[in-house]
Amino acid sequence: MLAETRMQKAAKRYKTRMYLKRYWMLYAMLLIPLVYFIIFKYVPMTYIQVAFKKFSITKSAWEMEWAKNSGLEYFIKAFSNRDFLYAVRNTLMLNALGLVFGFPAPILLAIVLNELPYRRFKRITQTVAYMPHFLSWIIISGLALQLLATRFGLVNIVLRNMGLEPIQFLDKPANWVWTYVFLGVWQSVGWNTIIYLAALTGINPELYEAAAVDGASRLRKIWHITLPGLRSTIVILLILSLGQIIGSEFDRPYALTNTLVTSVSNVLSIFVYNYGIKGTQQSLATAVGFFQSVIGVIFLVNANLIARRFDERGLW
Amino acid sequence: MKKLLALLLSTLLVVSVMAPIAMAADDGFVDGKFTDTRTITVEIFDRNTEGSVVDDNVFTDYIKENMLNEYNVEVVFQTTPRWTEGDDIANYLAAGTASDISYTYNDGAIHTYFQQDAVLDLQPLLDEYKDYLTDLYDFLGSNMTWKTDPYTGQTECIVARRMNVARINTFVRKDWLDKLGLAVPTTTQEFEDMLYAFRDNAELLLGDEADKMIPYSMTDDVGWRANNILYSFVPDEYTTDKYNFIYNDDRQFLLPGVKEGVRMLNKWYNDGLILQDFSLYAAGDATEYNLLKAGYVGAVEVNWDDVYRNAEESVHYMLQQSQGEDAVFIAVDPFKNDAGITKKVNYSSNDRWIFFPSTNTEPLASLLYLNWMAKFENRFFLQTGVEGINHEYTEDGTLKAIPPEAGRYKMSSSNNIDTTMIINGLDLGDVDKTAASMALGYAYVAPEFIKTAFAAALNNGVSYGNINLGAIAAEEGIKTVLADKRDVVLNVSINASVEDFDAVWDSGMADYMASGGQAILDERMAKYEAAFGE
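Chains as they are written, first to last, in numbering that gives the first Met the number 0: chain A, 0 to 315; chain B, 0 to 533.
Simulated from the structure, these hints should not be mistaken for laboratory data. Even for Gly, the Cβ is constructed at its ideal location relative to N, Cα and C. Accuracy of the hints is not assured; some may be wrong.
Some chain B residues close to chain A (C-beta under 7 Å, calculated; not the full set) [to be verified]:
| no. | residue |
| --- | --- |
| 1 | N90 |
| 2 | T96 |
| 3 | L279 |
| 4 | V497 |
Simulated coverage check for chain A against chain B, where a stretch passes if three residues somewhere in it have a Cβ under 8 Å from a Cβ of chain B [stated by the list, open to error]:
| no. | region |
| --- | --- |
| 5 | 140 to 151 |
| 6 | 251 to 264 |
| 7 | 271 to 278 |
Far from chain A, by Cβ distances over 12 Å, these chain B residues were calculated [unchecked claim]:
| no. | residue |
| --- | --- |
| 8 | Q115 |
| 9 | V164 |
| 10 | D199 |
| 11 | L205 |
| 12 | K211 |
| 13 | D276 |
| 14 | G339 |
| 15 | T360 |
| 16 | D431 |
| 17 | L468 |
| 18 | R485 |
| 19 | F500 |
| 20 | Y527 |
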């Protein structure tokens with residue numbers, strides 16, 4: 000018995016050695032991204048503790064003193080701050096609206112492009128549609144001001160010359176929200192189409208041919224073949240977007256805002272910038288960032304669970 | 000063995016900690032000069048001025064040469080981009096690479112870093128070396144102790160001196176007044192009537208472009224762009240240092256009476272006297288500024304010489320190009336307070352905040368540098384340059400700047416403001432001489448315009464003194480947030496309808512006060528009363 004297991008163990012050790020001898024290069028290559036992630040992602044992550052400590056510029060995160068209330072001082076400070084609560088509300092509102100309008104838009108565009116028989120027109124449209132993706136929000140906000148300002152914006156000059164009332168796109172909070180959402184869709188729709196178009200090329204053309212033989216109309220084909228073909232892509236992208244529901248970009252709201260609409264435009268990233276960076280409350284900023292990450296992970300995991308329950312593959 | 004090692008290590012630690020202090024003592028300083036060459040690094044703002052190198056020109060050479068000859072101190076300049084200096088200072092301090100002599104406009108940052116031991120307490124050094132620093136004390140005067148904490152006696156920084164305290168002026172279109180047969184406004188009522196006259200006579204003043212008429216223009220920085228108007232609503236008794244200390248705000252927004260001023264602006268706005276989209280244009284927005292240059296604007300409040308600055312790019316020059324020779328802005332001074340005085344806020348005598356980071360191992364050499372800079376002949380040379388190259392004298396003996404286009408004699412900033420860190424603004428040693436020289440310093444602008452503007456800006460000006468009762472704890476980390484909230488209150492209130500004005504203002508103020516404004520006010524009030532009584 001004993002001799003046998005010993006022999007088995009030796010055989011196993013031999014096998015492992017042979018395996019490593021054969022494949023060590025693959026593991027060595029894996030080391031490069033691993034080291035990258037350790038150095039640039041995991042080591043900086045140790046600075047999350049700044050959220051629980053009293054920040055000092057001269058000390059490392061390990062040496063800083065713990066914050067009051069067993070380290071939770073800055074979380075209490077954030078949650079008892081009305082601006083923070085408004086920022087949470089605004090972030091959720093703008094992201095939810097962005098999701099409702101921004102998420103289906105590229106799917107629709109991809110399907111429409113896919114149905115176009117004239118290929119050159121399709122290509123040109125696609126290129127034109129994804130160009131705005133390369134514009135920074137600073138440039139877009141400049142364009143928005145030149146086009147949409149009430150007195151000297153081009154759109155309103157045209158409206159006025161047509162005898163219509165000008166629209167205050169940027170200086171009424173309600174209007175501003177729609178301008179913000181619309182500009183977001185406009186900027187990203189073309190770019191997000193690319194991934195759907197790639198998925199569409201993966202659908203077996205025989206399916207369409209068979210449906211045509213059966214007499215299916217164009218809409219029926221879209222409903223029964225195209226959309227099911229895109230389903231897993233849609234689900235994965237939806238899970239990823241839900242993971243960012245409380246995350247917020249900085250440059251977009253920062254560039255588009257003005258003093259009249261701060262009641263809806265102050266999102267978490269702006270809060271972090273105003274209180275944390277400009278107000279040099281680094282611990283508070285880190286605490287808010289940490290909070291955002293935790294909520295993001297919760298949404299991501301739950302969305303993934305739900306997707307798997309509905310028989311989709313999910314992210315993992 | 001272990002014990003021995005521990006002893007050895009701790010001795011090493013003590014020695015290494017002591018080393019800088021030992022070096023700082025002046026045993027190498029004999030008869031006003033170091034026996035061995037010391038090296039200090041000095042910060043200098045870089046504005047990317049075309050045609051000059053900020054840390055390598057005739058003037059930096061002059062400093063280096065003289066410091067080496069007089070004190071045996073070698074000076075190494077370190078540049079910091081002017082427009083990001085507030086953030087860069089933090090990075091330098093964190094990395095331990097801040098210049099031995101550093102300066103910034105961000106005094107809040109110095110206080111934060113001082114508390115984190117990244118900035119030296121200057122007081123012990125000043126006390127020890129005071130005898131070598133007579134020129135510095137003479138020139139800066141009370142600015143030396145501007146930031147000395149009265150309770151702890153610590154000095155975080157010393158404060159550069161601002162020579163020219165002119166701040167904000169009201170400008171109106173002279174040619175429009177003439178066309179409408181109006182006199183220069185001398186009261187708030189006349190100014191308002193003038194704006195209505197501009198609005199109602201747009202056809203006459205602008206012809207085809209009548210729909211572009213803007214009687215009064217501003218940006219979202221209302222507190223600045225209507226400062227003289229709003230300050231005239233502050234009762235005269237509240238224009239003292241005391242109330243500036245208690246209701247502290249760099250736009251004087253918290254002072255009693257300001258609300259009524261904003262109410263007037265609200266009425267103006269709803270009557271179409273103010274640029275409709277002003278809130279969409281952030282301070283410094285080129286679009287708003289171009290409206291001035293294009294000739295659509297009747298009146299503005301801006302920096303005291305703003306419309307005359309920048310030669311070919313100036314409002315003055317561009318306006319004349321587009322609307323003809325007569326189209327000019329002139330400074331007026333109509334806004335009187337309840338005592339009938341056109342009081343307005345001038346700058347105080349403080350400018351940049353100069354500090355030594357805790358990595359500075361040559362405090363004496365650094366202080367000597369500042370003292371050298373404070374000597375008149377050195378300042379004078381650095382501000383005016385070489386006769387025949389940087390300046391010349393007119394027949395009546397007024398110094399006239401003639402800036403070189405490029406080369407080693409070109410100053411990288413006007414009057415070398417970035418090189419001469421302890422002074423902001425020309426100083427020829429005589430106030431009248433300086434003013435006359437300044438009036439000659441604007442290309443394409445007749446000196447009379449400058450003289451009028453300078454006189455108007457200083458007329459009944461209030462230059463607040465410094466009341467230093469230590470750091471205000473309630474302000475920490477919240478001051479910038481409150482400044483943003485202030486701008487929101489002002490903008491939203493002016494944009495409200497006349498009926499809603501009170502409700503909008505009051506809710507905005509309630510938010511401002513609840514977000515920390517009240518706590519600051521209370522602390523300042525209490526500190527003031529504790530120090531001076533009721």
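- Which earlier hints can't be squared with this structure? 1, 2, 4, 8, 12, 13, 18
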